[in-house]
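J.: Chains as they are written, first to last, in this note's numbering: chain D, 13 to 511; chain W, 734 to 993.
If you're looking for bench data, these hints aren't it; they were derived computationally from the structure.
One or more hints might be untrue.
In the BS3-like style, the derived pairs of lysine-lysine whose C-alpha atoms are separated by at most 27 angstroms in a straight line are [unchecked claim]:
(1) Lys305/D x Lys91/D
(2) Lys319/D x Lys749/W
(3) Lys749/W x Lys320/D
(4) Lys756/W x Lys320/D
(5) Lys437/D x Lys756/W
Simulated coverage check for chain D against chain W, where a stretch passes if three residues somewhere in it have a Cβ under 8 angstroms from a Cβ of chain W [claimed, not checked]:
(6) 181 to 195
(7) 357 to 365
These numbers come from a predicted model, not from an experiment.
We treat Cβ as the ideally placed atom computed from N, Cα and C, and that holds for glycine.
Here is how the chains run, residue by residue.
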Amino acid sequence: MNYISIRNNQTVPVADIPVLDYPQFFETNISLLTNHPERHCVNYFGYNQGNGIKLICCIADDVSQEIYISSCHVSPSGKLESMTSRLLCFEKFEREIHEKFGVVFENHPWMKPVRYPHNRADKSSVMDNYPFYSIDSEELHEVGVGPIHAGVIEPGHFRFICNGEQILHLEIQLGYQHRGIEELFLQKKKLLQRVTLAENIAGDTVAGHTSAFCYLWESLSGFEPKPEIDFYRTLALELERIAIHTGDLSAICTDIAYQLGSSVLGRLRTPIINFTQEWGGNRLSKGLIRPGKTQFPFTKELSDRLKKVLNDYEPDFNEICAELFKLPSALSRLERTGTVSYDDILNIGAVGMSARMSGLLRDVRTTHPYALYPQLNHQPIIKHHGDVYSRAQIRREEIGQSMAYVRQLLENIPDTKANYDLPNKLQPNAFSISLVEGWRGEICHCAITGHDGELVVYKIKDPSFHNWLALALAVRNNEISDFPICNKSFNLSYCGHDL
Amino acid sequence: MRTRLIKLFAMLSILKILYHQGKQFIPNVRTAQVPGIFRGRPVISTNQVNETELVDLCPMNAISSNPVSIDLGKCSFCGECALKFPEKITFTTDYKISTNERERLIVKEGDDFAIEVNPATVRSEIRKIFGKSLKLRQVSAGGDNSCEWELNAANNVQFDMSRFGIEFVASPRHADGIAITGPITQNMAKALEIAYNATPDPKIIVLVGTDAISGGIFADSPALDRSFLENHTVDLYIPGNPAHPLTIINGLIDLTRKTK
Numbered sequence: 013m014n015y016i017s018i019r020n021n022q023t024v025p026v027a028d029i030p031v032l033d034y035p036q037f038f039e040t041n042i043s044l045l046t047n048h049p050e051r052h053c054v055n056y057f058g059y060n061q062g063n064g065i066k067l068i069c070c071i072a073d074d075v076s077q078e079i080y081i082s083s084c085h086v087s088p089s090g091k092l093e094s095m096t097s098r099l100l101c102f103e104k105f106e107r108e109i110h111e112k113f114g115v116v117f118e119n120h121p122w123m124k125p126v127r128y129p130h131n132r133a134d135k136s137s138v139m140d141n142y143p144f145y146s147i148d149s150e151e152l153h154e155v156g157v158g159p160i161h162a163g164v165i166e167p168g169h170f171r172f173i174c175n176g177e178q179i180l181h182l183e184i185q186l187g188y189q190h191r192g193i194e195e196l197f198l199q200k201k202k203l204l205q206r207v208t209l210a211e212n213i214a215g216d217t218v219a220g221h222t223s224a225f226c227y228l229w230e231s232l233s234g235f236e237p238k239p240e241i242d243f244y245r246t247l248a249l250e251l252e253r254i255a256i257h258t259g260d261l262s263a264i265c266t267d268i269a270y271q272l273g274s275s276v277l278g279r280l281r282t283p284i285i286n287f288t289q290e291w292g293g294n295r296l297s298k299g300l301i302r303p304g305k306t307q308f309p310f311t312k313e314l315s316d317r318l319k320k321v322l323n324d325y326e327p328d329f330n331e332i333c334a335e336l337f338k339l340p341s342a343l344s345r346l347e348r349t350g351t352v353s354y355d356d357i358l359n360i361g362a363v364g365m366s367a368r369m370s371g372l373l374r375d376v377r378t379t380h381p382y383a384l385y386p387q388l389n390h391q392p393i394i395k396h397h398g399d400v401y402s403r404a405q406i407r408r409e410e411i412g413q414s415m416a417y418v419r420q421l422l423e424n425i426p427d428t429k430a431n432y433d434l435p436n437k438l439q440p441n442a443f444s445i446s447l448v449e450g451w452r453g454e455i456c457h458c459a460i461t462g463h464d465g466e467l468v469v470y471k472i473k474d475p476s477f478h479n480w481l482a483l484a485l486a487v488r489n490n491e492i493s494d495f496p497i498c499n500k501s502f503n504l505s506y507c508g509h510d511l
Numbered sequence: 734m735r736t737r738l739i740k741l742f743a744m745l746s747i748l749k750i751l752y753h754q755g756k757q758f759i760p761n762v763r764t765a766q767v768p769g770i771f772r773g774r775p776v777i778s779t780n781q782v783n784e785t786e787l788v789d790l791c792p793m794n795a796i797s798s799n800p801v802s803i804d805l806g807k808c809s810f811c812g813e814c815a816l817k818f819p820e821k822i823t824f825t826t827d828y829k830i831s832t833n834e835r836e837r838l839i840v841k842e843g844d845d846f847a848i849e850v851n852p853a854t855v856r857s858e859i860r861k862i863f864g865k866s867l868k869l870r871q872v873s874a875g876g877d878n879s880c881e882w883e884l885n886a887a888n889n890v891q892f893d894m895s896r897f898g899i900e901f902v903a904s905p906r907h908a909d910g911i912a913i914t915g916p917i918t919q920n921m922a923k924a925l926e927i928a929y930n931a932t933p934d935p936k937i938i939v940l941v942g943t944d945a946i947s948g949g950i951f952a953d954s955p956a957l958d959r960s961f962l963e964n965h966t967v968d969l970y971i972p973g974n975p976a977h978p979l980t981i982i983n984g985l986i987d988l989t990r991k992t993k
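Work out the full structure: start from the sequences and follow the hints.
T.: So this is what it looks like as structure tokens:
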């Protein structure tokens, strides 16, 4: 076999991952993906080993629920044939490896820097003069936006090439938020420090990233997650989904100047995140999720509170959505705006909501199940138009679905508490992968331990890593005035991407 | 006639939605209570505990011993210390923890008094010029989007900060100061400096969240460049991870106007 098949949250000895030569590695991964829409690349990264670079590629199969891991040893000065030349979904992964280690991928369309990390191979390349696609024309003009944007949001640089009001091309340069998180995971030795790091990867996906870290850590410690711990995480994940989707629908209303929807949906987010605070002391669930623990007890009183919060939320939410989704002036802004086709979505390897909006099933909750999702019998919501309207509809319907799941979970509140002390040392020479469906989509954390059971590699992939390209494609041929709703309808993460 | 009827029904449904919302705004943001187990200003008792263990527990290195103290500029408000040493540390729901003096963020053993803005050290032009209207340009410099969310929430219909004349504006040229979130990354250092320089004088600097105040969990990362803070004076520290909207609003009010 050229690869090893493992399941979500499974730990295997690093030695069990086949080490191929590059042409074999190339062919294996290309043939795994070609003509297999049910498979996609969840992570592809490199790390220093000896005097070379070890590459690890993880391909997930959504039907067999397996993840195929293969590896390869290359020299940093080597020139390798680019996998992107065959499949576009490797595009950013190869750029990342090139930026970090200097490995050159031949026939890659453009080795543009991804995020200018502090430990990049070429220190002479700096953000100030990042390379960009330019065009020389009498008719066209360029619009540059950022890194600081008009609203209270994170930084990124957007460069539009426009013909009059119409966008021909958008290029997005990120990296401004780079804090060196992956390296800090190795430097910080205390478990509590590492959980805190996971909580600070992306403040709007705290439950998502922290759950991924915890499942990974537990798997590497040989700890079997307990149903009561799964209950806490599933509940936190679904509450996060309800809260952020509500806020995003509000933001979409803001950007089409629909004041009523913006205010009502904006205020509806508050009771949900306030409930998270009642439970765990923090509106964005920081401090709530810990490896091997049920940190803040979920009592009968909290359960009654949550039922009431949802019962109050639901009629108001349904009422404003019914109004929003029948309002001609709103629909005319949402429908057929920012469309991405199924083929494009599949080719670029988009995940989560950004894939489901165009008819592609990517939902780790069913395809690589974890936590209590198998019991909830989750059925992903799929739309087919790939426009802002589809993305708004998915949010609306997923909120309804998440509320049903939360209510179902509240039927069986575990009465046992968990408080296991997990070791600071992990299984030595092991590899593990954890996939969690955050509200944006698939979060992937991978780790490798050394012979002393210490972390030697920690690799994080936020769904935004794949999906930023979907936004760039969505705005093509749209009016530049529609960029804000396209952007909000994806609501991708800057810090999750920049790490 | 028909169109008029349709318009009338459309308006009625809007009025119905408005009616169902009721009154959403928090009438008094100075005295509002936060629900549940919110972790605000901590109180440290004089009980004896194993101090080495307590200091070692904190993931943020925010706790010091002899006397035991917590630096809220470093604290992530995770509450682990209060869970492990309940007889020593309790977090109160007091959300008014913003101040203009960095030392005031350090809560010592036995202290149980409010963390306040010291009016004596507030620059005189701040209250004179920004007392009734304050426009801020927000700069996220490596922020994780949690403080940014809470700054936005401070202006939603519930917290409604704009009723005090405090708002965020798009351009630094329209602003009276900048509000920084995040530990300030190398890649954002220059943009931050440019935004600050583009803001007309007199101007203020507000740090929102633990990451901005001390670097937080990222404090010793080589990807940061915090030299901006060495070269400029900070006018307000708003702690939290993220800072609560009520902490933000009360801090800005206390800085810019006489309240008592």
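J.: Quickly compare the C-alpha distance for Lys437/D and Lys756/W to 27 angstroms and report which way the hint goes.
T.: Violated, at about 53 angstroms.
J.: Run the distance test for Lys305/D versus Lys91/D: straight-line Cα separation, threshold 27 angstroms.
T.: violated, 47 angstroms
J.: Is Lys319/D within 27 angstroms of Lys749/W, Cα to Cα?
T.: holds, 24 angstroms
J.: Hint check: Lys756/W vs Lys320/D, CA-CA at most 27 angstroms. Holds or violated?
T.: holds, 19 angstroms
J.: Run the distance test for Lys749/W versus Lys320/D: straight-line Cα separation, threshold 27 angstroms.
T.: holds, 22 angstroms
J.: Would you check chain W against the stretch 357 to 365 of chain D, counting CB to CB pairs closer than 8 angstroms, and say if three or more residues qualify?
T.: violated (count 0)
J.: With a cut-off of 8 angstroms between beta carbons, are at least three residues of the stretch 181 to 195 of chain D near chain W?
T.: Answer holds; 8 residues pass the 8 angstroms Cβ test.
Of the hints listed earlier, those the structure fails to meet are numbers 1, 5, 7, in rising order.
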